[in-house]
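Trainee: Listed below, chain by chain, are the residues.
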Amino acid sequence: MSGDVIRLERDVIRLDGVTKTYQAGAPPAVAEVSMNVAAGEVVAVMGPSGSGKSTLLNLIAGLDRPTVGRVTVAGRRIDNLSETALARFRARHVGIIFQFFNLLDDLTVEDNVLLPAQLAGASRRQARVRAGELLARMGIDRYRNEYPARMSGGQRQRVAIARALVNAPELLLADEPTGALDTATGQEIGKLLRQLNRDGQTLVLVTHDRALAERYAARTVQLVDGQLAHSGAEVPA
Amino acid sequence: MNRPDVNWPDVNWPRAIARWLAAIRTATGGLRRHKLQAIVIGMVLLVSTASATLGLALLAANNAPFQHAFSAQHGAHVAVTVNTARARPAALAATTGLHGVTAAAGPFGTATVPTQLGGQAFGQLTLAGRASPGGPVDDVVLSAGHWPDCPGQVVLDGPANPGQGGPQTGGTLTIRGVRGSPALTIVGFANSVTNTADGWVTPGEVTRLQGLGAPAGAQMLYRFASAGSFAQIRADVTEVSGALPTGAVTGAASWLSAENASTGNGAIMEPFVVAFALIGLIMAVLIVGNVVSGAVVASYYRIGVLKSLGLTPAQVMVAYLGRIGWPALAGCLAGVVAGNFLAIPVLSDSASVYGVGRQQVPWWASVLAPAGMLALTALTALAALGPALRAGRLSAVQAIAAGRAPRTGRGYAAHRIAARLRLPRPVGIGLAAPFARPARTAVSLAAIAFGATAVIFAFGLNSSLGRAAQSQTHSATVPVQIQQNGPARAR
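Residue numbers (the numbering used here), protein chains in the order written: chain E, 1 to 237; chain V, 238 to 728.
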């Protein structure tokens, strides 16, 4: 079975009793987490270092598999998909922004952005058009033929955001998106993410920056030692 | 909701494959963006393939060189020298039909004469008159110059470059012991695997030399159905002698004697030639495996990022095999060409050592060269396949983690032990680091060990072999003091 298709009215993410253990006998990185994220919502996942935030994000992104539990994203159960199916699913439905950008330094800015579109089935011409739109929207279209290593941190993160959005994914995941940036650049990126959400983008934000979470997230989820300590819509959008 | 509806349309399968490949091409970043890695892989494969091709050529050349040359040149089992005054041409021709004779050539007139080269005595040479080097028996290999096409020319038996002081093409060989001491121009060098003559001239030249006083003679060259032992050779010669008038046969040279001499020449070199060839092959395999697997392992982080973007395991594998495969293929192709070019002088030298005229890459080497290339390409692919498969199977998170730091738990014990040693910390860390990847370290060590062995062979054994060869040929000069009135007595 390549994955159950579950039609959800609102939820883009549904986690049911998700546990992730890396080594037998060791405490789980994520323990019995159940949560939902609705379409168009911005949720901030917070917690101290080692609390399991990034692991949770990786499980939602399909970058890792839960030891126990069920992960449903964009209406599709992904914890039991094959690696190939999971890769295809990620390419089409999930965009990921990493703390350290994870851009491919040997590709130009444009190639970095259009690659996920090509992987999702776009022709190079179609992908270039879409990449051009996004780079213009991020204000970095004049760098399209540059290599990321020559750009500032803020510019690189904009490239990473453009790359994450190129297939217009149902879900955008951001792992400490401002963690490697100075305060002013971090705020610019924060505003950009908020604007994306206003345009309807569902966003899950992993951060230990309370200010960022309070400013931009509609809801925070607190993780402590891998367990859900708090989940609620206490931060106004 | 303003989120754009980006839904890339499905296309027919050829275009889908083209797009799949285009995505991989983008992902690999193109060779021009990885010039250094491409050059390193290409060069490693070039050198490895060239040394492997050379090694295989040496192995081939070293595999029963006399037998191969004897077979290729239709060597004479027996070269019979006859007195033409006693044996008429018709009687000689009749011997070709004797029972057991499978092929024959001749009679070729011969003149055994003393010679001079550059004013110095050059020894007594047997010159045979042959219109061409080819024939059903003793297909002489011309290694330099051309075959005599008019009187006054001679082709000498020997290597193409005999060295300083030796005969050279264009030189003059003076025939002594005949009227007028005629001069012959050296027009080339050739080799008869069974040494049927010391030189070849036109049949007319032999007649002229005989007319000037050279002893008249001729040679008949035979191949027999049974000629594997000295006893069989004796029986064959007896049969030929019996078919000719008494005293017509003045001598007979067996191929077995030539084989013994040839084996003696090359035997001392044989183990080292084989050792060099094998070292070349093993080093090629080790280095290719190490470099290629290292290139893939070094890309783990990148593989992780690509997987996070949606590259499937198959796409990861194809992307990395492609990235390594193209420069590897180019390196292999160039290496085969380079190896063949390098093999030419090496085979020429080994032919000289074995005294078999010319060694060519045998027919199967034409198959072996591309096969070797394919094998090395396959080896490259295999070397890359393991890490590429592992990278493909890793989750994106694991691949990124593996690309940033070695797997946890590796080399910890070595680091602990090194930390206790009274060494500067950087040295201790450096000593322990190879234990994080023990297999790779072992392969590197093996490659270095084989390299060191090759260097020792190359530099150390050269002089030893030279001395051994010298003693074998008894060419060393030893000062001997002779006292005319007996040993001096101490007073």
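Hints may contain errors.
[Unchecked claim] Derived coverage of chain V by chain E (criterion: at least 3 residues anywhere in the stretch with Cβ under 8 Å from a Cβ of chain E; other residues may be distant): (1) 255-261; (2) 546-557.
[Stated by the list, open to error] DEER-style ranges, computed between Cβ atoms: (3) Q187/E with A679/V: 50 to 60 Å; (4) A253/V with A26/E: 17 to 27 Å; (5) R653/V with G50/E: 17 to 27 Å.
Worth flagging that the hints you see were computed from the coordinates, not collected in a lab.
The structure presented is a predicted model; accordingly, all values stated were derived computationally and were not measured.
All C-beta atoms, glycine included, are put in the ideal place defined by N, C-alpha and C.
Trainee: State for each hint whether it applies.
Mentor: These are the hints, each one checked on the structure:
1. With 3 residues carrying a beta carbon less than 8 Å from a beta carbon of chain E, the segment 255-261 of chain V meets the three-residue requirement, and the given coverage holds.
2. Under a criterion of three residues with beta carbons nearer than 8 Å to beta carbons of chain E, the stated coverage of the segment 546-557 of chain V is upheld, 7 such residues being counted.
3. At about 53 Å, the CB distance of Q187/E to A679/V agrees with the hint of 50 to 60 Å.
4. With their beta carbons about 43 Å apart, A253/V and A26/E fall outside the hinted range of 17 to 27 Å.
5. As the Cβ distance of R653/V to G50/E is approximately 25 Å, the hint placing it in 17 to 27 Å holds.
Consistency with the previously given hints fails for number 4 only.
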